[in-house]
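K.L.:
Sequence:
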Amino acid sequence: MLAIMRKWLIVSCVALTCASTARAEPDTVRVGVLAYRGSERAARDWEPTLAYLERAIPGHRFVMQPLDLAGMVLAVADRQVDFVITNPGSYVTLEARFAVTRIATLESGSPDVPIAAVGSTIIRRADRTDIRGLADLKGKRLAVVSTDAFGGFQIAWREMEEAGIRPFTDLAELTTTGFPMESVVAAVRSGGADAGVLRACLLEEMTAQGRVAPDEFAVVGEKLPTDLPCRVSSRLYPDWPFARLAHTPRDLARRVAAALLTMPAADGQMADGPSWTASLDYTSVHELFRKLHIGPYPKTPPTLEEVLRRNWHWLVVAAAAVLWWIVHAARVEVLVRRRTGELEREIAERERAEAIAVRLREERDQLSRLGIVGEMASNIAHELNQPLAAIGNFAGGMTRLLDTPSPDLAMLRSGARSVAEQAERAAAIIQRTRGFVSRRGAQRSTLSVNAVVAETLSLFGAPPESGLSITAEPGDGLPPVKADKVELQQVLLNLLQNAVDATRSGGNGDIVVRTGLSAGMVMIEVRDPGPGAPEESRRRMFEPFFTTKPGGLGLGLSICRTIVERHGGRIWAVPGAPHGLAVRFILPPVAGDSPGNGSGDNPGSAVPSSPVQEIDT
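Numbering of the sequence shown is given in my numbering, commencing with residue 433 and proceeding in unit increments.
Simulated from the structure, these hints should not be mistaken for laboratory data.
Check each hint, because a few of them may be wrong.
Keeping only pairs whose Cα atoms sit at most 30 Å apart, straight-line, the calculated DSS-like set for lysine-lysine is [unchecked claim]:
{"no.": "1", "residue 1": "K723", "residue 2": "K570"}
{"no.": "2", "residue 1": "K731", "residue 2": "K914"}
{"no.": "3", "residue 1": "K572", "residue 2": "K655"}
{"no.": "4", "residue 1": "K723", "residue 2": "K655"}
{"no.": "5", "residue 1": "K572", "residue 2": "K731"}
{"no.": "6", "residue 1": "K914", "residue 2": "K981"}
{"no.": "7", "residue 1": "K917", "residue 2": "K981"}
{"no.": "8", "residue 1": "K572", "residue 2": "K723"}
Construct all of the structure, not just a fragment, from the sequences and the given hints.
P.N.:
Quick look at the structure:
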């Protein structure tokens, strides 16, 4: 009985286990598919492959999820799919971001000539003969399904870049139509775009279906021959991969890979059927992304080699400019140094010339003073004779007093004092003459014009000729001037000597020396009663070497003008009244002094109460 019950339990358990296995649901395997031509076309293209996998791998149900490019990234990131079938560009991005691994590569074509490649075809309307090569796309409108599409834009992007066209800057318009890709054909057909980018072989497929006329479109920049039985505008890249996600069980992935590699062609998409081959090398896709700086290769700062390679022509221009600047700077430096040396030599020559001119002027002034002293020799002798004669008289008188029996000591003492006074007078005359003719540099000081005039008249002395006298008419309250006394005396002596010569030649009256003010300047006037001078002579008499005297050199008045102008003044001649000639010169007063607050004849003395005399000019 126990044995029978044991057997019944075993049979019951086996029956229940078998029933449970028969009722268990198969595991769902989610396959994300890039539906670049729409969900319906994706289902028609990939359902046969998924159906084969269900038969080859029992207990699993393969479900397709049509996705666009953005949806593909989100589905992989959220683990909503276990496998993906996508284009090479999308796969490279998913591989870098989510460690997706390819297990097989799509192989299209015939069983005898399998092809595992993809490319891009750029089309235009057949009547657009202005677009033949890729370079002709500059300034044109280009339609693409998406700027993220691999065969629909990125492959063509690289070809355009190498042809010198930058799609995002050189095209008039880059239009994205969105999926399905047939919308690009519609945009070019309607004239909404001048050209469009298609996945390779799509144009031939639509022509075979009768949706495109054989001669309706032309291929831009066609490359022949290619490994594809289609017209393409680009190089070829590995075809779509079948890839597993990182969370997909490895055993399942291995079984799927084995099933794909043994999949009969009759179960594929087309009549002759596609097939899958072992996973190909996608290095060329990585290279494309690196060149375009997209996907897992964003743009990074260029290396020095890249900068040199891209900008070599500008670097050559810059180097030439720098070289030119260096040569120009060196040339300018040489010219500047040369010119500086010339200027230094010119300055040195000018300084030497000025030094020579100053020395010659000083010698000229010295000779002029000596000439004046020579002309004044008789006057000086006359001045000296007076004290010498007085000394002789006083000495004779004192001798006679000493010869008397009882000399008068008071008279002797008075005579001795008189002798000393006359000796001092003679010594003063000699001292003034020596001071006038001595060589020395200019020594400007604050002077009273009236004092200078008085001392000059004393130095000049009274002419010994009878009937010829000099009268002084000093002005009151004149401000002091800043001048060299000897140079002012030289001017006055020259003017006095000329006045004496003019009076001797036919004049009757006194020579008058006046001082006063004229327009705020201190004026000195020497007037003679001679025959006067015509206007032409008055205008030229201060020029060098102009003279009306027989045997004259014509330098005296020229020297006077130089001295006066060196002191900031001016000298000129006017007709005398009622006859004769008046020579006047003016000097600026010392800064801060004016007729109302300046000193009179003696610097530092109080201002006289009488009004200042203003000379009529």
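K.L.:
Compare the structure with each hint and give your call.
P.N.:
Consistency of the hints with the structure:
1. For the hint pairing K723 with K570, the CA-to-CA distance comes to about 20 Å; that is within 30 Å, so the pair holds.
2. Straight-line distance between C-alpha atoms of K731 and K914 comes to about 84 Å, which puts the hinted pair past the 30 Å bound.
3. Among the hinted pairs, K572 with K655 is consistent with the structure: their alpha-carbon atoms are about 21 Å apart, no more than 30 Å.
4. For the proposed pair K723 and K655, the alpha carbon gap of about 21 Å is at most 30 Å, so the pair holds.
5. Between K572 and K731 the alpha-carbon distance is near 26 Å, which keeps this suggested pair within the 30 Å criterion.
6. The suggested pairing of K914 with K981 is violated, with an alpha-carbon distance near 33 Å, which exceeds 30 Å.
7. Between the alpha carbons of K917 and K981 the distance comes to roughly 28 Å, so the proposed pair stays at or under 30 Å and holds.
8. Under the criterion of a C-alpha separation no larger than 30 Å, the hint pairing K572 with K723 is consistent with the structure, at around 24 Å.
Checked against the numbered hints above, the structure violates hints 2, 6; every other hint is satisfied.
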